[in-house]
Amino acid sequence: MKISDLAKLNELKEKAAKKILPDKPYIAIGMGTCGIGRGAEVLFDCFERTINERNLDILLKKTGCFGYCSEEPLVNIYIPGHPLIIMHKISENDVIPIITGIVKGIMPYRNVLCRVEEWDFITGKFKFGEGLTDYPLWNEVPFFKWQKKIVLRNCGIIVPDDIEEYIAVGGYFPLYKVLHEMTPAAVVEEVKTSKLRGRGGAGFPTGQKWELMAKVKGDQKYIICNADEGDPGAFMNRNEIESDPFMLVEGMTIGAFAMGASKGVVYIRAEYPLAVRRLKEAIRQAKEYGLLGENILNSGFNFDIDIVEGAGAFVCGEETALIHSIEGKSGRPSPRPPYPAERGLYGKPTNINNVETWCNIPVVISKGGKWFTKTGTERSAGTKVFSLVGKVKNTGLIEMPLGSTLETIVFKIGEGTGSQKRVKAVQTGGPSGGCIPVEYLNTPVDYESLSSLGSIMGSGGMVVMDQDNCMVDVARYFTEFSNGESCGKCTPCREGLAQTLEILTRFTKGNANEADIHKLENLGKVIKNSALCGLGQTAPNPVLTTLRYFRDEYDHHMIEKKCEPGICQSLFSALCENSCPMHMNIPRYLQLLKEEKLEDAFESTLRDNPLPSTIGRICHFHCQMKCRRESIDAPVSQGDIHRYISDTIYREGKAQKIYDRIIREKLPLTHKRIAIIGSGPAGLTAAYYLVRLGHDVTIFESESEAGGILRWAIPKYRLPLEILKTEIQFIKDLGVHFVFNTTVGKDVTMETLENEFNTIILAVGAHKDIALSVNGNELEGVLSGMEFLKDVAKGNKPKIGKNVVVIGAGNVAIDAARTAQRYGAEVTVVYRRLKSDMPANKDEIKGAEIEGVNFLFLCNPKEILADTNDKVRGIELMKMASGDLDLSNRRKPVPTGESFIIACDTVIMAVGEEVEATFVRNFGIKLSSNGNIYSDHFTFVTSHPKVYAIGDAVTGPATAAEAMGIAKKAAEIIDFNLMNKRRFHKLFRGFDYSDEVPLKPEGGNRHYAVRRPFEERKGNFDEVNMGYSKEQAYAEASRCLRCDVRVTVNTEED
Amino acid sequence: MEIKKINITVNGKPCQVTGGKTILEACEEIGIKIPSLCYLKDVSHNASCAICVVEVKGAKTLVRSCINKVSEGMEVKTYSPLISQVRKTNLELILANHPKDCLICERNGNCELQSLAFTLGITETAFPKTKKVDKIDDTSLSLIRTPEKCILCGRCISVCSDVQTVNAIDFSGRGLRSRVSTYRDKGLGNVACTNCGQCALVCPTAAIVERDDSKSVINDIYNNDKYVIVQTAPAIRVGIGEAMGMEEGALVTGKMVAGLRKLGFDKIFDTQFTADLTIMEEGFELINRIKSGGTLPMVTSCSPGWIKFIEHFFPKSLDHLSTCKSPQQMFGAVAKTYYAEKLNIDPRKIVVVSIMPCTAKKFECKRPEMNSAFHYWKDKLSLSENDNFFDVDYVLTTRELARMFKQTGVDFSKLQEEEFDTPLGISTGAGVIFAASGGVMEAAVRTAYEVITGKPMDKIDLKAVRGFDGIKEAELDLNGTKLKVAVVHTLKNARTLLEQIEQGESPYAFIEVMTCPGGCLGGGGQSIPTTWEIRQKRADSIYKEDRLKPIRKSHENPAIKALYDEFLIEPLGHKSHELLHTGYVKRGVY
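Chains A and B, in that order, are what the protein sequence lines are. Residue numbers for the first sequence follow the working numbering, so the first one is 1 and each next one is one higher. Residue numbers for the second sequence follow the working numbering, so the first one is 1 and each next one is one higher.
Just to be clear, a hint being listed does not mean it is correct.
To be verified - To give a feel for the contact side, a few chain B residues facing chain A, derived at Cβ under 8 angstroms: (1) 15; (2) 50; (3) 89; (4) 90; (5) 125; (6) 130; (7) 133; (8) 178.
What the hints assert, rightly or not - Simulated crosslink set (DSS-like; lysine-lysine; CA at most 30 angstroms straight-line): (9) A:125 with A:217; (10) B:378 with A:562; (11) B:4 with A:348; (12) B:60 with A:192; (13) A:790 with A:412; (14) B:378 with B:226; (15) A:62 with A:18; (16) B:5 with A:215; (17) A:519 with B:366; (18) B:366 with B:575; (19) B:129 with A:525; (20) A:835 with A:145; (21) A:421 with A:892; (22) B:21 with A:215; (23) A:672 with A:946; (24) A:177 with A:215; (25) A:125 with A:329; (26) A:519 with B:132; (27) A:217 with B:4; (28) B:226 with A:329.
It should be emphasised that the hints constitute simulated quantities derived from the structure, not laboratory data. For every residue, glycine included, the Cβ atom is placed at its ideal position computed from N, Cα and C.
Turn these sequences into a full structure, and let the hints steer you where they fit.
Here you go:
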C-alpha cells in the first residue's frame, strides 16, 4: 500500500495507534541482540507456546531494547487501562505466573522494574494508563532518572519490524513535512539551527556539512550512513538500528532530499546480523508504503538505500576507508583533501554521517531546531547515547543530555561499582579515547571538555574501571587493538603503534626502564601529529592519558616490577601473594602444610614475615580480597593457616631449631650502624631484615616495651601478649639492640643519631588520635581511643563509666568498644555512614555485635552534653541520610536536621589517627601536606639523604601488614644503598613442594576457627579466636586452587 | 591555464610561489628542500611515510607537504623542533624493520632511505625490529623482491597500477602485516607481471631489484671454452654513463665499447644491427599485411613487457602482433647461426650476452621458443633435446653492467673511445632511435616509404612521433596510400589502443608500443634515478647519435645487405621465418 498524501498517512496513523494501545493485553519481549543473549528468544517461545496452548487472547510482541543490559531480559506487560509495566530479569519460570495473572487481569508483582503511565515518543505521545503506584515510575529508577530519550525515543516500546507502529508514534510525518512543505535549503537551515553535531565522535556541525554537500553540483550524489561501529565495549548504533530502524531510514531520506542525493548506502558491519536483518526489512517496508524508492509520498522525490556489509575492520569507520571499502577496494584511508563532499563514493559528491546523527534528524524536523538546542549545552546540543559498561552496577545503553557529568553517569545512573571496590577511571571513546581518572569525573561530557582531558567523545563507548584494573594493561589492551586494526598504510600508525605496544608489553613484564617512558611520550606525540587518518591520530590517547593520570602505575611496573591490581601475569606468582603487602609466598606455605612439612611451612612464613603468628591474628587479610577461590565459594583463610602453623611450632617447641638456623645464616658483620626510631611493626620488620644482613641495628623506643601498636593498642583478646613477646624475642636474639624509654628529640637528639649512625629509619607510626571538633570534646569523660587502649594495655584500670559511646568505625573504635564492654559498660558505637561502609575488620564488628555492643549508624555527634560538674552526661546525635554515591563509591552522609540525645557518661573518640612528627620537622626533615613524613615513594629516603621513613609515619594510618611491607622493601633498598650490592635475596631460600594443580576444588567450604563462647568472654581478655584445629588447617590449606602454577602454552599467531 | 603567483609565508618570510603547487614543490621553487621518502614526482602521492611533514598555521596536526597545496596567505614552517622530532622518529620507525646491512646491499650508495637517514642525522637504532621477515620472492626470471627491505612507500604499486595498469602487485595485510604482494602471494613469476621493472626503477631501496646475472657472465668470460659475445641495446649508450658518474643522458657509445672490451668479451656487437634487421622483416611484414589484407593494425613486438601484457590481458588480439622477434632475440639467433657458421665456431660454445635497459628481456630470452639456433643446428650436429640452448644466454641491465665495470676497475672517465666489432656491430641511425618512443615507427617509415614508393624520402625525421606524449599519431602518404599510425608508450596507453582494437574502432594500420615511459631509454633496467628530465636528456642524445650516423636507414645497412645476400636470402624468407619470427601464448590474468 503506497501512501500518497497526508490524509492516508493520518488514516494509517489512526489505525496503527491500536497497535500501541490495543484493546487487549499484550506481552512485549525485548529482543535486541543483548536480550537474545540473555535468553529472550527462549522466553518468547515459552510465552508463545503457553498462549497458544491455552488459546488466550493475548498479543505477543518482539520489541527492541530498552537499554538496561544488566537487567535483561526485559518484558513489557500491558493490560488496557493500566500503566505499561516493565519487568526485568525474567526467566521461563515467570511465564506461567505472568500469563495467569494477565488472564485474571492482575498485573505481575514480582520482578517489576517500573511502570510507564505515559510515553513521549517526541514525535507523538501515548498514555497507557494510571495506577499501580507501588511500582516506581520509569524515570524514578536511578538508571533512567537522568536520561533524556530523544534518539532512543521508540526503542524498547515499539516493534522494530513494523512500519505501522513507527507511523503510529508520529514517524514519517517529518518526512511528509520536508517533502511537501519545505525546500532543501530550509531543511539544511533547520539542521543548522539545531546545532546538531556529528555523533560519530569528531563532532563536526551536521548542518554545515550538509550545506557544503548541498552546494556541490553533481549529476549523482550519495549519502552514506556509517554503521561500522567497532570500539570494544560500544554498541549504540547496533541497538539503534535493531530497535528502531525506521528512524534511520527516515533520517537518511530527509537528508537525501536536503542534499540532493538519490542514493544512500548504509555501511554496516557484518557482525551485526540482527541489525542488518531488521534494516533490510525496514527498507522493504518503507518501499512498500511508498516512503522510499520512486516518487516518495507522491512528491516526485526519488531515493533508495542499499546496505553494504563491512567485514569488520575498525579503520573502515574512517570515511575515506569506508568509501574504498564500499567500492570493493581494501579499506585504507586516503589523504584528505579531496573531501568526500568533493570526491567521494565512485568519485561523486558524498556525505557521510553516523547512525545516531541520522536518527536525530526526524526529531529536529518534527520539533524544530530551536527545540533541539534546549537540551545539552551551548556548543553541544542534544543528547548522546552511551554504552555504559565495565565495573559498574547498572550497565546498558543510556542517552544523556550533552553536558551531563561523568559523575552522574557513573555514580547516579551506573550506581557505582556495585561492590566495595572503588572506581578508578572511565575510558571514553574506546581505543581512540582516553582514561579519565575518578578525580575528574565532575567533567561535563561534551566534545570540548573531554578533549581538554586528552580523551574524546568518540562514538559513545564508556568503560568504567575499578581498582582491580591495571592502567598499564588498559593502555596495552587498547594499543593492541589499534595496532591490530591499523590499516598499515602510514608509518607513524603502522610502525609507531607496534613499537608502542612492544614497549607497553615490556612494562607489563617488568622489563621497562625510564627511557621507555620517554619513548612512549615521544611516539604518542609523533603518531598524534603525523598519522594520516583519525584512527592513527587518536590511537595514542589511551597511552598518553594513562601516562598523564596514572604515571605511578607505570612506575610500579618499572621500578618495583609489581602490578598492584594483579593483572600483569608476569609480575606475580599468585593474586594472594601479589596483594599481600609483604608478598608472602602464600601458595607455598599452604602446599608445604598440605604435604605435612610443618617446619618448612613455618620457615617459609617466617622468612617472609617476622611476625607470622601475630599477623595471622590481626591482619586485614588483603590476600583474601583477591583469592580466586572466592569465585567458587569463599576465599581461602590464608592468615588463619599461617597462624596455625606458627602457633603449632611454638606450642611444640620446634621454633628454636629454625631460629638457630636463621641466626647462623646471618651475613658477616658490615659495621654499618642503623638506628630505627620506633619498635612497631614497621620498625621491627626493618630491624629483622637489616640485622640478618649483618648490620648493627639499634631500635629507640619511647615506651618500656617493644611492639608499638601491637603491644599498646590491640587488645589481648585479639593478640595474646605471650605470642607477641615470643616473636619479638627472636628479633632480639638475632642481635637487634633495643633502647627503651628513650624518646628521640627529647632524650636523645636527631643530631646525635645522625653523627653516630650510618642510617636512621623513622618508623614512629601514627598514633595520635584526631580530635573531632564537636562542642564538649573537652569535658571530663571524653577519652581518646588510642589513649584508652594504651591505658588498658599498661594494666591500668580505665577511667570509664557505665554508659560508653564510641565515635568511629575503624578497628580502634571496635577495639575500644569491646574493651569497654569487657569492663562491664553498656557500649554504643556511633557511625555517620552505613554498616557496610565501616573500615574495621568484618570479623571484629561481628564479634562486637555478639558481645552486645550497640551500633547507631547514620548518626553524627552534634554536641557532647555536660552535667553541672562539666562531666559528660550525654551526647546529641544528628540523624544522617544516605545521599548520592561519592567518588569513593560510598553514599554521602547528609544531615537530616533531626537530632536526638542519648545519655552516657563516657565518650571515646576514635575517628582516626595522625602522625606526631614534631621532632622530625624540627630536625629539618620535610613533611607532606597532610602532616605525614615525606619519603620517596620507591626509595623511602626523606629530604635528608641519611634518613629514611617507613610505615604509618609515611602513609598515615594503615594496616600493620602494609607498614611491614614498606619496611621490608625499605630494608632491601637501605642495604643496597649501604653496600652497593644486591644481597637481600640471600635472606630467602627455596623449598621443595609439589606444583600439582588440584583438578577439582578440594577442601569443601571455608572453615571457621572456633570462637570462645560469648559467656566466657565477659570480664576477661582471653583470646576470642581459638584458632584452627589440625584437621581444619589441613582442609583449609587444600582449598587453595594453586593459581601460582602456570602452564605456558605457546600461542604464537599464524 | 593561467599560472598565478600566490603569497605565502615560509619560515616567517613572505614569498611568492606558483599557485596550484604542493607545499613541497612550492618550497623547492624558493630553494627549500623538504625531505621526503614515499613521494615521487609523477608517480606516487601515497602520503604514507610522514617524512615531508610541515607545520601549517591553523592545522590541527602536521601537514604532509607532498599532497597539500599552497593557498593564498598560508603560513608554513618547514623546520621546527616538532617537525624534526616527527621526521626523525618516523624514519627511525621505518629503520626499525629495515635491515641495516647497507654494506652488502646492491643499492648501497644509491639508496634513498640510506641518504635520508644521513640527511636527517639518524645515528642510532632507536627501536627494535617488530616484524616477521617475509620470504624473498624469487619466482620471477626478471625481478627479485626482498620484502624485508620494503618500506611500504607504495611507489611500485602506483607505477604498476597507474602507469602500467598491470596491477600485478598491491598492498595486502593490515597493520604490521602490511606488505606489497602479488595475487595470493604466488610471486611475481606466477602472476600477470609483465617484468617491465618500472617498480625496480622507482623503488627507493633494494626491495625490488633485477635478478643479477653478472656473476655467471663473468664466469663464462673467464672460461676459455666459451666464446662470449655481447650485444648492447641502443638505450645503453645513453644510460650507462649516468651510472658511471657522468652527466645525465651522456652519450658514451665509444667508451661503452671500450669498457666492454676491457671486461674481456670476445666480440662487442650492437643490438642496433638487428634493429635494422627487425625493420627489414617487420617493414616487409607490414607491407605484406596491407597488400594481402592481413590483420591490421599490426603492432610492434620489440618490447617484451608489452608482449607479456597483451598475452595476459588481451589474448584475443595476439594476431595483431608482428611475428617478428625483438632485435635482441634476432641477434641471438643470427649470432648462433650465421655468425657461428661464418667463423666456424661450435654454436654451443657461443655465449650471447645482452646489455639491455630492460628487465623483461631477462624473461624474454628464457621463453622456451627462443631457441631457434638450437633447432637450426639440431639435425646438422645431431643434437638431442638435452643439448638445448637458448639463442641469448644472459641479459644484463644497465645497472648490472655498471656494477661489473665498477667491480673490475674499469675507469670509465679515462677510457678511449673504441668501435664495435664487425659485422654484427654495424648499424644505422634507424637502429639507434629504437631506444626512444616513436623510434621503431620512424625507422620503419624510413624504410617502408622507400620500399613502397621506390623513391628516397626527402625529410627523414618523423617529428610527429617523437616526444613523450602518451599517444602520438601520424598520417603517412605512401604513393597516395594514406596510412594512419600510432605510437604509444606505457602499458596504460597501450591498453587504450588495445581496447579500441577489441571494440573494432582502431583507425590505425600500424602501432608502435613500448612498455616503459619514454621508451627503452626509460626502461626498467636503466640507471636510477630515471625522471622525465633525465629521459628527455637521454632522448636528446639518441637523436644526436642518429644525426651523426653516416647511414640512417636500415635497408642501407651494408652488413644487413650482406646478411641477406649470404644467409637469409630475403626478408620473410624461409630462414627468416625459422630464425627471426615467433609466436605468442594466450596467458590470461590468473
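Do the hints match the structure? See the list:
1. The beta carbon of residue 15 of chain B comes no nearer than 23 angstroms to any beta carbon in chain A, farther than 8 angstroms, and the hint placing it at the interface is violated.
2. For residue 50 of chain B, the interface hint holds, the least distance from its beta-carbon to any beta-carbon of chain A being 4 angstroms, beneath 8 angstroms.
3. Because the beta carbon of residue 89 of chain B sits about 4 angstroms from the nearest beta carbon in chain A, less than 8 angstroms, this interface hint is met.
4. The closest approach between the C-beta of residue 90 of chain B and any C-beta of chain A is roughly 5 angstroms, which is under the 8 angstroms cut-off, so the hint is satisfied.
5. With 8 angstroms as the threshold, the beta carbon of residue 125 of chain B stays out of range of chain A, its nearest partner Cβ sitting at about 12 angstroms, so the hint is violated.
6. Taken as an interface hint, residue 130 of chain B checks out: its beta carbon lies about 4 angstroms from the nearest beta carbon of chain A, inside 8 angstroms.
7. A hinted interface residue such as residue 133 of chain B counts as satisfied when its beta carbon comes closer than 8 angstroms to some beta carbon of chain A; here the least separation is about 13 angstroms, so the hint is violated.
8. A hinted interface residue such as residue 178 of chain B counts as satisfied when its beta carbon comes closer than 8 angstroms to some beta carbon of chain A; here the least separation is about 3 angstroms, so the hint holds.
9. With a CA separation close to 41 angstroms, the supplied pair residue 125 of chain A and residue 217 of chain A exceeds the 30 angstroms bound.
10. The suggested pairing of residue 378 of chain B with residue 562 of chain A is violated, with an alpha-carbon distance near 80 angstroms, which exceeds 30 angstroms.
11. With a C-alpha separation of about 28 angstroms, the suggested pair residue 4 of chain B and residue 348 of chain A falls inside the 30 angstroms cut-off, and the hint holds.
12. A hinted pair counts as satisfied when its Cα atoms are at most 30 angstroms apart, and residue 60 of chain B with residue 192 of chain A qualifies at roughly 24 angstroms.
13. For the hint linking residue 790 of chain A to residue 412 of chain A, the alpha-carbon distance of about 43 angstroms lies beyond 30 angstroms, and the restraint is violated.
14. Distance restraint check for residue 378 of chain B and residue 226 of chain B: the Cα-Cα separation of roughly 19 angstroms lies within the 30 angstroms cut-off, and the hinted pair is therefore satisfied.
15. For the hint pairing residue 62 of chain A with residue 18 of chain A, the CA-to-CA distance comes to about 16 angstroms; that is within 30 angstroms, so the pair holds.
16. Restraint check: the Cα-Cα separation between residue 5 of chain B and residue 215 of chain A comes to about 28 angstroms, which is no more than 30 angstroms; the hinted pair holds.
17. With a CA separation close to 52 angstroms, the supplied pair residue 519 of chain A and residue 366 of chain B exceeds the 30 angstroms bound.
18. Of the pairs offered as hints, the one joining residue 366 of chain B and residue 575 of chain B holds, with about 22 angstroms between alpha carbons and a cut-off of 30 angstroms not exceeded.
19. In summary, the hint linking residue 129 of chain B to residue 525 of chain A is supported, as the alpha carbons are separated by about 21 angstroms, within the 30 angstroms threshold.
20. Among the hinted pairs, residue 835 of chain A with residue 145 of chain A is consistent with the structure: their alpha-carbon atoms are about 27 angstroms apart, no more than 30 angstroms.
21. In summary, the hint linking residue 421 of chain A to residue 892 of chain A is supported, as the alpha carbons are separated by about 16 angstroms, within the 30 angstroms threshold.
22. At roughly 26 angstroms between alpha-carbon atoms, residue 21 of chain B and residue 215 of chain A fall within 30 angstroms of each other, so this suggested pair holds.
23. Taking the CA atoms of residue 672 of chain A and residue 946 of chain A, the gap is about 12 angstroms. The hint holds against a cut of 30 angstroms.
24. Between residue 177 of chain A and residue 215 of chain A the CA atoms are separated by roughly 22 angstroms; this keeps the pair inside 30 angstroms, and the hint holds.
25. For the hint linking residue 125 of chain A to residue 329 of chain A, the alpha-carbon distance of about 46 angstroms lies beyond 30 angstroms, and the restraint is violated.
26. With a C-alpha separation of about 22 angstroms, the suggested pairing of residue 519 of chain A with residue 132 of chain B holds against the 30 angstroms cut-off.
27. With a C-alpha separation of about 25 angstroms, the suggested pair residue 217 of chain A and residue 4 of chain B falls inside the 30 angstroms cut-off, and the hint holds.
28. Distance hint between residue 226 of chain B and residue 329 of chain A is unfulfilled; the C-alpha atoms sit about 53 angstroms from each other, more than 30 angstroms.
Taken one by one, the earlier hints fail for this structure at numbers 1, 5, 7, 9, 10, 13, 17, 25 and 28, listed in ascending order.
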